[in-house]
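Be aware that the sequence shown starts at 0, since it is given in numbering that gives the first Met the number 0, and climbs by one per residue.
The set of hints was computed from the structure by calculation and includes no laboratory data. Since the structure is predicted, the reported quantities are computational estimates derived from the model, not experimental observations. Beta carbons: idealized from backbone N, C-alpha and C, even for Gly. Treat each hint with caution, since some may be false.
As the list claims (entries may be wrong) - Quick list of in silico lysine-lysine cross-link-like pairs, DSSO-like style, CA-CA up to 30 Å: (1) Lys276 x Lys68; (2) Lys339 x Lys68; (3) Lys68 x Lys345; (4) Lys68 x Lys126.
To be verified - Between beta-carbon pairs, the in silico distance windows are: (5) Pro286 x Ala94: 24 to 30 Å; (6) Ala178 x Ala212: 37 to 43 Å; (7) Asp287 x Ala109: 43 to 49 Å; (8) Gly115 x Asp335: 51 to 57 Å.
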Amino acid sequence: MTGRIGWALAALLGACGRPEASAGEHGEAERGHEEGGHEQGEGEHGDEHEHGGIPTEVRLSEQVIADAKIATEPVRRETVAPTVTATGEIAADPARTAQVAARVAGIVEAVEFREGDLVAEGQVLAKIRAPSLGGLRADLAALQARAVSAKSNLTRLETLAQRNMASQQELAAARAEAAALDAESRAAGQRLKALGLGSRGGTSDFILRAPAAGFITRRGIVDGQAVVAEDNVATIVNLDRAWFMARVFEHMLVDVKVGAPAEVELNGYPGQFFVGKIDFLSPQVDPDARTIVARIVVDNRDALLRIGLFGVANIAVDRGEDGEPRLVVPRTAVIDVADKKVVFVKRESGEFEVHEVVLGVSAPGKIEVVRGLEEGEQVVVHGAWTLKSVLLKETFGEDHH
0 MTGRIGWALA ALLGACGRPE ASAGEHGEAE RGHEEGGHEQ GEGEHGDEHE HGGIPTEVRL
60 SEQVIADAKI ATEPVRRETV APTVTATGEI AADPARTAQV AARVAGIVEA VEFREGDLVA
120 EGQVLAKIRA PSLGGLRADL AALQARAVSA KSNLTRLETL AQRNMASQQE LAAARAEAAA
180 LDAESRAAGQ RLKALGLGSR GGTSDFILRA PAAGFITRRG IVDGQAVVAE DNVATIVNLD
240 RAWFMARVFE HMLVDVKVGA PAEVELNGYP GQFFVGKIDF LSPQVDPDAR TIVARIVVDN
300 RDALLRIGLF GVANIAVDRG EDGEPRLVVP RTAVIDVADK KVVFVKRESG EFEVHEVVLG
360 VSAPGKIEVV RGLEEGEQVV VHGAWTLKSV LLKETFGEDH H
């Protein structure tokens, strides 16, 4: 899909020049020339449309818009909740972490992974020579044979009992033996099945596979090592979703609640925000720092999260203040172009207009727009970076004309 988008954008940019002004804009320019004035008229958005030579419009085909997954939302008026700030760091979710055991006793013949590798569920991790596997299969075969014999004997005794040629005691003993052997053979089969093995086969090689997808954060074996079933072979962490463990000072507890929206900014990625919610407040206070852990669940957007990354969380609080509704947009709508904060507003089909904006207060996931937009305008909330790329390419092309 990336190649198709790139081809479409290249064809689009090669075919189009600088966007033409609309008839209304020509009329305004002619009137300004006739009046001899040099002051800019007050339009709908004032000077927010001036970008120092950067085009103010971008046009894309419907196919490119669909391929780039460009999405819009209307500008709304909302009450912006105040926030409190807490520091913390990224941690793995134990529910998305797997401790991989060797599962059999034997000798490691080959290790197929390294620390730091990204593995898929079911991927081969290691090959272990385990002589005990042959014994498990032999035990299963013997139990299955005995179970068949016991069942046959039970059938024979049931027939004899109907003719009063066998005692009830013999019949009861035969039933118990058949049931016991059947249960033992089933258990032996389940042991092999749990190892991912069938009842047939003479090889003693055991293939250890990853139980889940994720990153290898620890490798616990080397080639030639002797292992037992309980030995830890590897640790796999899935970071599609992680925790930000914020440390909230005790005087903030009156404001911080479970379920409160939060916005995390990490030191490693300044200016990028990860939105989540508090799903847990620790019942214990750290006696030295006098802080409480607030766990914030965040999605790993663009695979940027790393365990241990430090940062700050802005947590929305409800103090019972109504506040005045403000024009707000999702934070993803605002990007930097030529050292200016801008958003893209959708006009006609395939046409997007650049608006320079003045920003105000922010809340988790959204930010106030003081100037540059009007309520109800459709702003791009997903795919703004694609539009920025097209915009800059148009500017680059004009510089060469």
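Hints, verified against the model:
{"no.": "1", "hint": "Lys276 x Lys68", "verdict": "holds, 25 Å"}
{"no.": "2", "hint": "Lys339 x Lys68", "verdict": "holds, 24 Å"}
{"no.": "3", "hint": "Lys68 x Lys345", "verdict": "holds, 14 Å"}
{"no.": "4", "hint": "Lys68 x Lys126", "verdict": "violated, 43 Å"}
{"no.": "5", "hint": "Pro286 x Ala94: 24 to 30 Å", "verdict": "holds, 28 Å"}
{"no.": "6", "hint": "Ala178 x Ala212: 37 to 43 Å", "verdict": "holds, 42 Å"}
{"no.": "7", "hint": "Asp287 x Ala109: 43 to 49 Å", "verdict": "holds, 47 Å"}
{"no.": "8", "hint": "Gly115 x Asp335: 51 to 57 Å", "verdict": "violated, 33 Å"}
Of the numbered hints stated above, those contradicted by the structure are hints 4 and 8, listed in ascending order.
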